[in-house]
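Protein chains: 4
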Amino acid sequence: MIVVMNPGATEAEVKKITDKLKSMGYGVHLSTGENRTVIGVIGQRREEAAQAMEAMPEVEKVVFITRPFKLAGREFHPEDTVIKIGDVTIGGPEINIMAGPCAIENEEQLLQAAKAVKDAGARILRAGAFKPRTSPYSFQGLEQQGLEYLNDVRKRTGLLIITEVMDQFTVDQVAECADIIQVGARNMQNYYLLRELGKIRKPVLLKRGLSATIEEWLMAAEYILSGGNYEVILCERGIRTFEPYTRNTLDLSAVPLVKQLSHLPIIVDPSHGTGISGLVPAMSKAALAAGADGLMIEVHPNPQEALSDGPQSLTPEQFKTLVKELKGVALSVGKLI
Amino acid sequence: MIVVMNPGATEAEVKKITDKLKSMGYGVHLSTGENRTVIGVIGQRREEAAQAMEAMPEVEKVVFITRPFKLAGREFHPEDTVIKIGDVTIGGPEINIMAGPCAIENEEQLLQAAKAVKDAGARILRAGAFKPRTSPYSFQGLEQQGLEYLNDVRKRTGLLIITEVMDQFTVDQVAECADIIQVGARNMQNYYLLRELGKIRKPVLLKRGLSATIEEWLMAAEYILSGGNYEVILCERGIRTFEPYTRNTLDLSAVPLVKQLSHLPIIVDPSHGTGISGLVPAMSKAALAAGADGLMIEVHPNPQEALSDGPQSLTPEQFKTLVKELKGVALSVGKLI
Amino acid sequence: MIVVMNPGATEAEVKKITDKLKSMGYGVHLSTGENRTVIGVIGQRREEAAQAMEAMPEVEKVVFITRPFKLAGREFHPEDTVIKIGDVTIGGPEINIMAGPCAIENEEQLLQAAKAVKDAGARILRAGAFKPRTSPYSFQGLEQQGLEYLNDVRKRTGLLIITEVMDQFTVDQVAECADIIQVGARNMQNYYLLRELGKIRKPVLLKRGLSATIEEWLMAAEYILSGGNYEVILCERGIRTFEPYTRNTLDLSAVPLVKQLSHLPIIVDPSHGTGISGLVPAMSKAALAAGADGLMIEVHPNPQEALSDGPQSLTPEQFKTLVKELKGVALSVGKLI
Amino acid sequence: MIVVMNPGATEAEVKKITDKLKSMGYGVHLSTGENRTVIGVIGQRREEAAQAMEAMPEVEKVVFITRPFKLAGREFHPEDTVIKIGDVTIGGPEINIMAGPCAIENEEQLLQAAKAVKDAGARILRAGAFKPRTSPYSFQGLEQQGLEYLNDVRKRTGLLIITEVMDQFTVDQVAECADIIQVGARNMQNYYLLRELGKIRKPVLLKRGLSATIEEWLMAAEYILSGGNYEVILCERGIRTFEPYTRNTLDLSAVPLVKQLSHLPIIVDPSHGTGISGLVPAMSKAALAAGADGLMIEVHPNPQEALSDGPQSLTPEQFKTLVKELKGVALSVGKLI
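Chains as they are written, first to last, in the numbering used here: chain F, 1 to 337; chain C, 338 to 674; chain X, 675 to 1011; chain G, 1012 to 1348.
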């Protein structure tokens, strides 16, 4: 961390700041430039120390040198994290596709979707029992009943299940039927939930918040990792920008950037990322070409009857065609579907 | 709601859509323009119906005519909501200032802050016992111990208390010592929490999410109102933009806009809105001039020792001076402090 | 266009508005819903008419049904535009790569860059003689001298040239040495320049503005097309968002979206789009997989000595490796490099 | 400027970088922390040097310590700039209101607007002869004819005139009839225009670009100042965000922030800043309370017939009422209208 003094700071002012830093246990290293004195601060990065410094009237600003994430960062964990669930691996050369309807509506709809997913060659079924919805008047999910349908479909089809958890008190309930537990974008900074997920030993898929920086996203992963659960999968699903045509702006540069900064696997959700089913095939291909470890795609047996997110859902036929086309793209970047 | 058909849609295609709308219980009204057929849909606005329509390949887009918020909207509730807590009123001609430290650090710090707040003439103390923090390594709040300090300070000073609740399971615990319960920006779309707050009978202050549109914010209020709790205070606290100098961009136009769209009181938090204590006085004045019903301001007995948000906290002296200056601004727009 | 009346508008108010619309030459079509009267307006879309309506106190809002772009839109021009320059085609099955240094620094640097570009198999050299720079103290380009170097290199290498024009008065000067004229992001809404480019008969590459919506971008293209120059290539180069790690956020969903809305070719600039050379290979692949017709990539013989944009420039070796890798990706989506 | 080496950089790597910095004429100052070596670089800030450093593979990042603006900054020019035009002063205790129609439509409309502006007590007339419009099919302004009307109205009313210039070649033409020359948001980074304006001796009003950071905005001012024209007035007019209700998001925190960073006067345009005439009064008051030196407000004799921006224009009566109300707000912050 570097502390930049105000222009024209006196020696006494500089001493006041270095004394304070030393009293906080830091080493200091002075550097006097033409217009500013800069203090190199030696010791662990701490937000509290930085804020204390920024609150000093003699200080112009504080600049961090190191990244705030430790366990999520590649610096101290250079090799890729590869997560194994049964015979599926996430984060290695294998591309994984998680597909299914936004919400579980009834047993029949879920089963049809599951068959479509399996038929196309995907191995992980996504479907929501708990649904965060902008309007209190919208369908809010089947909750426990939905989890039971999921459990049943898992047994009947052999598909792995990923489904969303919405608070810390239902983690166990969801973990019973889920192979991967999903944290939605709105909950990326629900720290109680993240801490609870740090205590379990099941993979967690952590969606990027709607307006979360990549650093904040990795810090949310850090909450889970610091609890002792090292199986975190990141999921880019679009950020909020000024562009109104698409529901969100899918930030695919997050894929190679996360790969540089972190060892965790990263997948992409082009369905929420664009909100338009017609854009999903192109953005799925782009995500794989960018280096994503997998995709999460909404598939509904009948998008026009969907209780949620129909406009961004593929039909079973569209999905099957897409999976075929994705194989070539995966191969071209050295991956396998 | 209006359904816009694709250019060149055939009569049969239009019939397919109108039949489907009728089967969903809607009335329809056809309008044929030069390039498009447009279907006016008569009946209650429902997201599900709109999404079903958008998922039809014959449909270009769906446009909503009415606002999604009903109870929060001014259309069916033209008069301002005024909330009474003891002899304080929020939403009327009286300006309310909620002030205090970001986090409760210990009993002494809280008491000093409370005295400073009271001494300056404010009547509501803000202070957090539960703290959502970006880093798992930062100070996370005193939790239950903090609530007890708050309760104690309330008795000793007579100040009203506002403090944050972070999940649905601590609502009762927080409600015991709080006169107003705060929902933080990160929890604006924590629907379980909002529903729980709909069940209690205490005022709720709902902060705008970091990237929430005004419509989404009012829909979050709608969750609380639709549960039967009509005492919701909105709080603008800055939105996320590309500008890096300020922590957030304080959207003061939200104040007159919310006043047009809704009957609920709205206050402004310039401390989080800017992140820089030097900008707080100017933005406090601007907020009142824009028509805000009150302010939420961070005050710390010693910002340079604060465990959280020191750089945006005023000292007791700065706060006292500011309150004095605000009186003239309030008067100039017909309000009283 | 649709005019939505205020809730509770009286018959007389509706008549006032429909009379005004008729006096402006429009047909009208009334539709009375539960809470609102909606007026379908039949006739050409005109911004002036919409603004006049929005300024009426009886009107709640105006909603457009049709897109504002006509010549740029696919509705009246369904087939793809393919631009031929010598034996290069842009917009067809062939992928084109435009590569070279950000700025022309001297003859030697330009020639080395050109050789590297040609050696890797690309056929279009990019290099700027006029440089828009944020700081008046930065290198501003070699201007006319730079154009002469370009002309010379064109003759010596046989590469096609793309270079930027910065105002309407240098269009002819630039057109003399350029095979494609580039309009930079900052000039996307420089309407005098766009109109001048509508008068010439040379392909124009139109970069998306830093905060331009896709609709505004296509309207900028419409300026050129409406002048009679139909050879416009769009270039996505990143938009401004809150994310600080990358210089811009590359919006690859613009590629399939523009392909739906417009018949014009679209290429992608991952160098400016990310600002980080280490992200360029992944994002180049992603752009092709998303369906882009080409790429614009910064290549510098020695990025560490570049006078501009070194951190986002590839070395000749990196570029050569990338072009090889791109061939497979192009093939996987049915294109050829 | 500070150069942060990669974690684990060797002594040889550090030497390579310090040697390069020395060869560029810089002094260096090494600081070795727990995980990183940091090089303090002593000498003038130069973008080129920073980019060269960032392009070195051994370097993690470069951090600037000083601001890039020199002439626009308060550091070397602590006292406020006050601009005098006749008996009007801008930047001192006097609030100036610039009002009038978006576009000059005809002589009669301009004259009526001018009378309304004067009648309300304002002294500066704004009106555009050159109009940058998103669509090529919209009204583009009366150009030279409009300037003549302006000149005529100036003589007849004694009002000062502010009007927009759109390129470097019409600066003289516009300067003939304008007392203040306006640079629109789309031209904030039109560097040829800015340089031309640096050569004249007339006040320039520089609007903030739609997605310009405050630093970029001050750097645009720096272009004009560095040419020798020291009379620059900044104008905040809203930035682009995700919020769709308002046309732009008026960033009022820019007012006190610019006052800290710079000595230049700053005014606010709430008409473009919100796009909604009903929000203009509240935001005008807020702007003054935030410390703005003036306002720019759209007033049209008949907004419903306006050829441009009717929905955000006040009527003469609304404007007159507003000016009265503003006097109290100005007084409450120690200013005068």
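Don't take every hint at face value.
[Unchecked claim] Calculated Cβ distances over 12 Å to all of chain X for the following chain F residues:
#	residue
1	T32
2	G86
3	P132
4	Q140
5	Q145
6	N229
7	Y245
8	R247
9	G275
10	S284
11	V333
[Unchecked claim] Under the rule of at most 20 Å between Cα atoms (straight-line distance), these lysine to any residue pairs were calculated in the SDA-like manner:
#	chain 1	residue 1	chain 2	residue 2
12	F	K199	F	T157
13	X	K1001	F	V333
14	C	K398	X	F750
15	X	K1009	F	K199
16	C	K352	F	N35
17	G	K1335	C	G370
18	F	K70	G	V1182
19	F	K115	F	D167
20	G	K1213	G	T1257
21	G	K1026	G	K1081
22	G	K1213	G	Y1241
23	G	K1081	F	N35
24	G	K1126	G	V1182
25	G	K1338	G	P1327
26	X	K696	C	G671
The hints are simulated quantities; they were obtained by calculation from the structure and are not laboratory data.
All residues carry an ideal CB built from backbone N, CA and C; glycine is no exception.
Against the structure, the hints:
Under the 12 Å C-beta cut-off, the non-interface status given to T32 of chain F relative to chain X holds; the minimum distance is some 24 Å. No Cβ of chain X comes within 12 Å of the Cβ of G86 of chain F; the nearest lies about 29 Å off, and the non-interface call holds. With a cut of 12 Å on Cβ distances, P132 of chain F stays outside the contact zone with chain X, its closest approach being about 22 Å. Chain X leaves Q140 of chain F outside its interface by the beta-carbon criterion, the shortest separation being 25 Å against a cut-off of 12 Å.
Distance check for Q145 of chain F against chain X: the nearest CB is about 34 Å away, which clears 12 Å, and the non-interface claim stands. No Cβ of chain X approaches the Cβ of N229 of chain F within 12 Å, the least distance being about 25 Å, so the stated non-interface status holds. Once the 12 Å rule is applied to beta carbons, Y245 of chain F is inconsistent with being away from chain X; the minimum gap is 5 Å. The claim that R247 of chain F is not at the interface with chain X is violated, since a C-beta of that chain comes within 12 Å of its own (minimum 10 Å).
Here G275 of chain F does not stay apart from chain X, with its beta-carbon only about 10 Å from theirs, under the 12 Å limit. Against chain X, the non-interface label of S284 of chain F is violated: not every CB pair exceeds 12 Å, the least being about 9 Å. Chain X draws V333 of chain F into its interface by the beta-carbon criterion, the shortest separation being 6 Å against a cut-off of 12 Å. With a CA separation close to 29 Å, the supplied pair K199 of chain F and T157 of chain F exceeds the 20 Å bound.
Annotation: proposed proximity of K1001 of chain X to V333 of chain F holds, straight-line Cα distance about 11 Å (limit 20 Å). Annotation: proposed proximity of K398 of chain C to F750 of chain X holds, straight-line Cα distance about 19 Å (limit 20 Å). Taken as a hint, the K1009 of chain X and K199 of chain F pair is broken in the structure, with Cα atoms around 48 Å apart against an allowance of 20 Å. Of the supplied pair hints, the one linking K352 of chain C and N35 of chain F is violated, its CA atoms being roughly 74 Å apart against a limit of 20 Å.
For the suggested pair K1335 of chain G and G370 of chain C, the alpha carbons sit about 47 Å apart, so the restraint of at most 20 Å is broken. In summary, the hint linking K70 of chain F to V1182 of chain G is not supported, as the alpha carbons are separated by about 56 Å, beyond the 20 Å threshold. For the proposed pair K115 of chain F and D167 of chain F, the alpha carbon gap of about 30 Å is over 20 Å, so the pair is violated. This hinted pair does not check out: K1213 of chain G and T1257 of chain G have alpha carbons roughly 33 Å apart, beyond 20 Å.
For a cut-off of 20 Å, the pair hint linking K1026 of chain G to K1081 of chain G is broken: about 31 Å separates their Cα positions. Simply put, K1213 of chain G and Y1241 of chain G have alpha-carbon atoms about 9 Å apart, close enough for the 20 Å limit, and the pair holds. The straight-line distance between the Cα atoms of K1081 of chain G and N35 of chain F is roughly 12 Å, inside the 20 Å bound, and the hint therefore holds. With a C-alpha separation of about 27 Å, the suggested pairing of K1126 of chain G with V1182 of chain G is violated against the 20 Å cut-off.
A C-alpha spacing of about 17 Å is found between K1338 of chain G and P1327 of chain G, which places the hinted pair at or below 20 Å, so the restraint holds. A C-alpha spacing of about 44 Å is found between K696 of chain X and G671 of chain C, which places the hinted pair above 20 Å, so the restraint is violated.
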